[in-house]
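Chains as they are written, first to last, in our numbering: chain A, 20 to 240; chain B, 273 to 697; chain C, 906 to 999; chain D, 2 to 938.
Simulated from the structure, these hints should not be mistaken for lab results. Here the structure is a predicted model, which is why all the values come from computation and not from measurement. This list has only true hints and no planted wrong ones.
Heads up, simulated DSS-like pairs for lysine-lysine below, C-alpha to C-alpha not over 27 Å straight-line: (1) Lys49/A / Lys120/A; (2) Lys30/D / Lys152/D; (3) Lys307/D / Lys90/D; (4) Lys57/D / Lys132/D; (5) Lys30/D / Lys307/D; (6) Lys634/D / Lys829/D; (7) Lys132/D / Lys335/B; (8) Lys549/B / Lys128/D; (9) Lys532/B / Lys939/C; (10) Lys57/D / Lys128/D; (11) Lys634/D / Lys826/D; (12) Lys549/B / Lys30/D; (13) Lys30/D / Lys90/D; (14) Lys826/D / Lys631/D; (15) Lys600/D / Lys572/D; (16) Lys549/B / Lys435/B; (17) Lys420/B / Lys435/B; (18) Lys826/D / Lys939/C; (19) Lys829/D / Lys939/C; (20) Lys90/D / Lys549/B; (21) Lys572/D / Lys49/A; (22) Lys916/C / Lys967/C; (23) Lys90/D / Lys152/D; (24) Lys967/C / Lys268/D; (25) Lys435/B / Lys152/D; (26) Lys268/D / Lys916/C; (27) Lys57/D / Lys152/D; (28) Lys128/D / Lys335/B; (29) Lys152/D / Lys549/B; (30) Lys829/D / Lys631/D; (31) Lys549/B / Lys57/D.
Some residues of chain D that are not near chain A, with every Cβ distance over 12 Å (derived): (32) Pro201; (33) Asp370; (34) Leu635; (35) Phe884.
Cβ coordinates follow ideal geometry from the N, Cα and C atoms, glycine included.
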Amino acid sequence: MPTSTRKGPASVPDPIATAMLARSPVRQSKPLRQEAGWEVSSADTGAALELADLTPITKVLVRASSSAVGSSFSDFGRARRDEAGHLVVGARPDEWIVFGKAGSAAATISQIEERLAGAEGLVTLVDVTHRDVVFLLSGTDARGVLEKICAIDLSDRTSPDGTAFRSRVAGVSCLVVREDRDGRPAYLIDADRSYGQYLFDVLVDAGAEFSVEVAGYTEVF
Amino acid sequence: MRQRGATRRRPQRYSAFGLLRHGLRHDDWPRVWRTSELDRRYDVVIVGAGVHGLAAAYYLASKHGISKVAVLDKGYVGGGGSGRNTAILRSNYLTPEGVRFYERSMELYRNLAVDLNFNVMFAQRGHLTLAHTDASLRTMVWRAEVNKLQGVNSEVVSPEEVKRLVPFMDVSNHARYPILGALYHPPGGIIRHDAVNWGYARAANALGVEIHQNTEVTGITVRDGRVQGVTTPRGEIAAPIVLNCTAGWASLVAGMAGVKLPIITHPLQAAVTEPVKVFLGAVVVSGSLHVYVSQTDRGELVFGASTDPYASYSMRGSLEFTEELASHVLELMPSIGRMRVLRQWAGLCDMTPDFSPVMGTTPVEGFLVDVGWGTYGFKAGPAAGEAMAELVATGRTPELISAFGLARFEQGRLVGERGAASVGH
Amino acid sequence: MILLPCPHCGKRNSNEFSYLGESAPRPTETGDAKLWRAYLYTKENPAGWTRETWLHSGGCGKAFLAERHSVTNEVRATWLPGRKEPDTTTEAGS
Amino acid sequence: MTRSPRRLDPRPGEVIDRNRRLGFSWNGKRYEGYEGDTIASALAAAGERIFSRSFKYHRPRGILAASLHDPNLLVQVGDEPNVRAGYRKLEDGMAVSAQNAWPSLNYDVGSLNQTVARFLGAGFYYKTFMKPQRLWPAYEHVLQRFAAGGKVAQGAERRDCDKRYAHADVLVAGGGPAGMSAAIAAADEGARVMLVEEEPGLGGHLRWGTPDDLARLAELRTEVAARPSIEVLTYSLVAGRYDDNWISVLQRGLPQVTERLVKVRAKVLVVAVGLIERPYVFEGNDLPGVMLSTAVRRLVNLYAVKPGDRAVVFLANEEGEAAAEDLRQAGVEVLRVVDARRGGGLLRARGRRGLDSVELQDGSSVACDLLVTAVGWTAPMLLLNASGDRPTYDEEAARFVPGGGLPDNVLATGGILGDGPVGLLVDHGRATGALAARRALGGDAASSSSPEAVPALTAAPHPALFRSGTRGFVDYSEDVSAKDLMAAAREGYDSVELLKRYTTATMGPAQGKLETINTVAVLAEATGRSIGETGTTVWRPPHSPISLGALAGRNYEPVRYSPMQPWHEAKGAVPIVAGQWIRPEHYGDPAAEVLNVRKNVGIIDVTPLGKLDLRGPDVSRLLNFLYVNKWSKLEVGAVRYGVMCGEDGVVADDGVTGRLGPERYFMSTTSSGAAAIHEWIERWLQTSFREWQVHVTSMTSAFASINVAGPRSRELLARLVADVDLSAAAFPYMNVRQGSIAGVPGCLMWRIGFTGELSYELHVPSGYGLSVWEALLESGRDLGAAPFGVEAQRIMRLEKGHFIVGQDTDGLTQAFTAGLDWLVKLDKEDFAGKAELVFESERPRESRLVGLQPVDPTVVPPEASQIVSGSSTIEGRITSSRFSPTLNRAICLGIVSQRCASPGTVVTVVHPDGTRTPTRVMEHHAHFDPEGTRLRA
Ligand SMILES: Cc1cc2nc3c(=O)[nH]c(=O)nc-3n(C[C@H](O)[C@H](O)[C@H](O)COP(=O)(O)OP(=O)(O)OC[C@H]3O[C@@H](n4cnc5c(N)ncnc54)[C@H](O)[C@@H]3O)c2cc1C
Ligand SMILES: NC(=O)c1ccc[n+]([C@@H]2O[C@H](COP(=O)([O-])OP(=O)(O)OC[C@H]3O[C@@H](n4cnc5c(N)ncnc54)[C@H](O)[C@@H]3O)[C@@H](O)[C@H]2O)c1
Ligand SMILES: Cc1cc2nc3c(=O)[nH]c(=O)nc-3n(C[C@H](O)[C@H](O)[C@H](O)COP(=O)(O)O)c2cc1C
Ligand SMILES: [Zn+2]
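For reference, chain A alone in the conformation it holds in the complex (with noise of 0.2 Å):
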């Protein structure tokens, strides 16, 4: 069966020109600077283990049968970078999150409509860049960090890189990607915004132990 809703009004486009700023649920530290139209952090630690806000970044939702998708996607548990530089994440057996560089909503969404075009049965796009927040934990005691607060195997014998899952984090239920930085564990942890100044706190609260540091906003994608 052919799409019917992916064209027309499916997304949000990308702000145009617009003195509107756009923010994350979680206090920025100084110094500030704009991204694609969202005030975030410049802050530079250096650290061992860092825990960035990168709500920013694009998110999209693609709906969709397995078989309908096939390989051009990731499986189902498992993340990886396409072409295009997009973090694709198999979030649910019927569901992918489309990671991609903050701004960039209308253009992925129209990248990810041309890998599909002609998928069997119903497929649907949503954006949901500002339904999420996304943190980025890096570093050597990232997985330290969240064993503290997920329940999830985090070892390199189940969990190794590239692996993605939804759990609960702190009591929330997240989809957390590992995808590791220069050789070191990192996790993208991505979930509801309006939680999202409380799990940031918890991840800080949690990292203390680790001497975590807040970093400002990176480019991942």
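Fit chains B, C and D with the ligands to the given chain A structure using the hints.
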């Protein structure tokens, strides 16, 4: 029902004088209840030696002279919910029929020690149900108002009053769980649950009722829609009346008679701490935080929470129960974090859709139920036992329990206790 | 914290799941009160193997059916709604 | 500062650091100990003998086991009660005091109870204090004075505790020789191992053993340390084992936190917890100076403390001999060694404030200050019991052993299974550890060779020793003697479970670890049954008590905020908790907020509203099933109100849903119902309507939701919206449009409202929420634009007669009772709750929701006030009630019985203070603008 002469004996009375005499003479007290051979036939077989079964037996014998009664239990007296509950008594329910019923039980409890000649240590310390949201405060007012109209002492009090009653309570302006007020029920309190079970067993036995422990009912014979008797590993027993008082196991026993119940069995857990010097008077309940706590005369805190989230007959207990319990109780009383949990356990609760019991007749003639006691049935034991005894003796369902019949589900006339009973105790 | 085997995610802590209760077919006939009330309120509530529906709400969000032992909490089979129910009549591993 | 007269010269295995002195106080006096001391060892070194007073009789008590489980060593440390002095490491500056004594530990008035002990047998309180009933509180007060234990302090700070999850292939509980070997072997198979030891150091009984034992210990420690895949947790207790090997470990001694609860999911659990020494039941067995052999060995060898000067040793095993040898080496005069294996016997111990002499079976009496008993072992069965095993009694060995009922994922090794020389324990541990790893790893285990057979380990023969007829204590912490148990059994409390509950034996802080075996033995003798038949009580977690603080951890409680939260906070909004959301209740004056909306324009943050994006060809079928009303004919751009019921016909939620495109809808739910409704929908789609093509996405947090309400709302909005024609004709009531607001594209605008005014509900991409909120206020300044909170909204919705699910309805309110006759369409094919609503429609109505107004307009009945007839017949209740600033009078909604429901009826409302208010039933729910002209403006 016709009276049958059964053996009675006069138990040796308990008293301070008796203690003195026994202490001086160093002689033994008589047995609390005697063991006897299992007969082939009884006028009434009661399945379950919890407070409900034992109270029904006691009132059958004491009020109606029916003492050819056997109370059968697969384990020991009070080994079910009656021996594992947090022993909170109160009557501040939500519906008028609920309030009237539980108030009758409170009345019986108030005189129970004297009645049974067994100190059940009913401590009417006051019972506080905290409200953390507007909605729960509204429910508290609702309950208080219904209670007052039924003559039950119950009122909504301010956070300051809560602090006065429970100095350890943090009534400061919490961001997350502010205490907006509480339903205060001065006659509520706690009791020595085991003593209630033993006291009923002893008094019933003295009137001729037989108590058979380690005697599991494995089958119920029904012929032409009438109950004939029960099967046990110790043999078949004939009886024209079989009363199911098995709480968490009620569906299984009813199933033996071919009767289906609107019941799901959920574990409910409890825990005690090590004793510390007494600092907590009133019983404290928080519905939003799913916790209730009281301190016994021994100095332990006794805690409970809400039932486990899925159906199970497991009594093993879980770690998350104690974790949640601890975090919630510390939310209320932050300074007791150094107290230690000594033991946790679980019991089985027979949950009904409307948080109300099922008492009375069933489609099988002679097969009666006194079940559906969920998380709140210990306090109901005396009144339920009394009413069920009356039903057995007269064949008529007493007005007090008429709202709680099994037929209400088929008729779609549920009782509205959900708001007051869910975690209320 | 028991583990439940989600057919999609594998074994996960039970607090990630919503318990939807015994699986019972919804009556198609709306006029029969007895039938409806039985569907709404009457439960098998066995002490043993029971078939029930769970939703992995804190994980993949998917519903599945499970055959769980209500005394041991062991799960011996799971399957997706609409799929053929497994034949577990032989008392495996109880 | 007191000296340490009983401290010995350095011992080879000592764990104290003589270079690090620690000062502390005991009952107000200054003492000194060493790093590595326990509180008790430091006090014993200083010559202290009495550590506590017993629970009931206030008898003086001293060191018995010198371990975590010692029932006599519970002390108060600062504001922490019941600290195990035989276990807790001494810290500098600790303020330690005795708990159960008044006025002092040495002269305790409560000890007078001993003189009346014969009247205070187990359960005496059940037999007295019954009459008069009204005096019970006074009696109770007396009983409460007996309460054992320390004190909690009001205002004590919450301690810093935290938690961690962990995953292990093999978790080894107990770091004695068997446990250490198991860990080593499991690691060699490739397993991830966690080795948990309660004591501060690994080694178990080897730590206080012979030079050979110490050498062996050093080897094992080296082997463990060499394996990075073994995570060692010392000073850490395996506190419980739950279903699916969910294991709780309480870790102490960390730099960051006082205590940490580690929750471990282990593929296989190896139980290597060893044995606990069994106390001997005989008269005087609780006198200070009567100690277990292991206590003596610990004191001498670990802490270099001389436990007495002149000793008698009563023994039945090698451990007792080793203890006697230790004593001799420590310079203690060993006066007599009484060997039970050779017919020696012990009758009683005598003394008042401590042991003075012992009477032996041979009639002799020996003056001494130390009596050591070594009469056997008992196994701490908790972890095995929790795994489903029921212990059985081994007559030969006189102890309970595992019953063979363990599941595949639990194994036992070491002393809990049986005895043997250290070599055998090590071999057994190794084989068990390897087996555990193979079970955990399946085919991934390292060893390809055939599995090494696990050697047999059986409990060695041992005489059963106890004196049942005596006043000897079976349960020290509960003050229960063997005589008490015999009497209770004869009274009919003759099963182990009843006996326990009646006498409270095994119910104290040690939870039967020391007491169960003797309790069961005495009961067996009383009833003539064997110990095996008698059985034990149920073991329950925790293995040893753990603090509420550790169980609670950091107390992470999720909270949710809207994007406008910083603004609300800055403007001093009064917060209200709504589920997990924190939202503004008002900004100072809710009545003024109402009037401003009625007159000008107000804006409210309604972000918590549930929002669902629904797409696909079958959405309208889905809506038809979920809601009680019809949905087939909804035009694109149109919005409709709907109510959902459960299958029982009870009102479950309400909200509006709009059609944004041919196959695209947007649904709103109540804030509190959002998650449940989403689940409800998924449940139907996934289980019953699998062939329907619908994708549902929760969008609650994707949009900041702002309701702009009031006669000037259109004017305000027009200043910020360029791409949508806002005119009444182009954008009528109950419609939805998409466009930009203040330059932010992708916004939804609904013409709906709860307040009864012309109003627009705006959904703005969340990141821009705060900017748009500020823009609205900024550009509407001249229009009187001002924020309003939840309270003003509640007032206005009541003025308008909109009900709130869960407030004006309850858990049993079906749709018709809620007054939804106009909405429910029973002619629809099928929908959730239809069957029950058909039944409801067919039976006479019992009650209904109505609008009410007190006759006296100034009287506002509190919500939940009851409506009565006569003196106390309940006819209904007030569900919502407010003073309306708009109408300048009190207004209500309420549920009333059908006989009172007709408009114009005056009913009686009883206030909580007892006053009664005549109140009139109104024709409409709406008190204000019932025709709805304002909102359609
Ligand atoms: C942790 C916990 C806390 C609670 N707190 C409170 C509270 O504070 N206040 C309150 O009022 N209520 C409370 N309750 C509920 C209360 O304990 C029960 O509702 C009440 O004890 C039920 O009593 P009963 O006599 O009906 O059943 P039970 O006491 O459960 O007795 C049923 C008996 O039936 C026996 N039995 C079962 N099957 C068979 C068979 N086939 N043959 C023979 N015998 C059988 C069982 O062995 C058992 O002894 C709590 C319950 C629990 C578990
Ligand atoms: N236990 C003794 O005092 C003792 C003394 C001499 C000989 N033995 C013999 O040694 C054998 C026992 O050797 P083993 O290695 O099995 O035991 P062990 O007693 O040497 O070691 C067991 C270890 O487990 C620890 N432990 C107990 N419960 C724990 C828990 N819940 N969490 C964490 N750690 C816990 C103890 O602190 C101890 O260090 C027995 O056969 C016995 O006859 C024992
Ligand atoms: C009100 C109450 C208080 C209790 N107090 C104690 C206690 O102080 N010590 C203890 O070991 N157990 C205590 N228990 C728990 C019992 O030991 C036991 O765990 C419970 O009756 C369940 O039985 P089971 O563990 O044998 O299954 C208490 C139980 C109740 C109901
Ligand atoms: Zn899943």
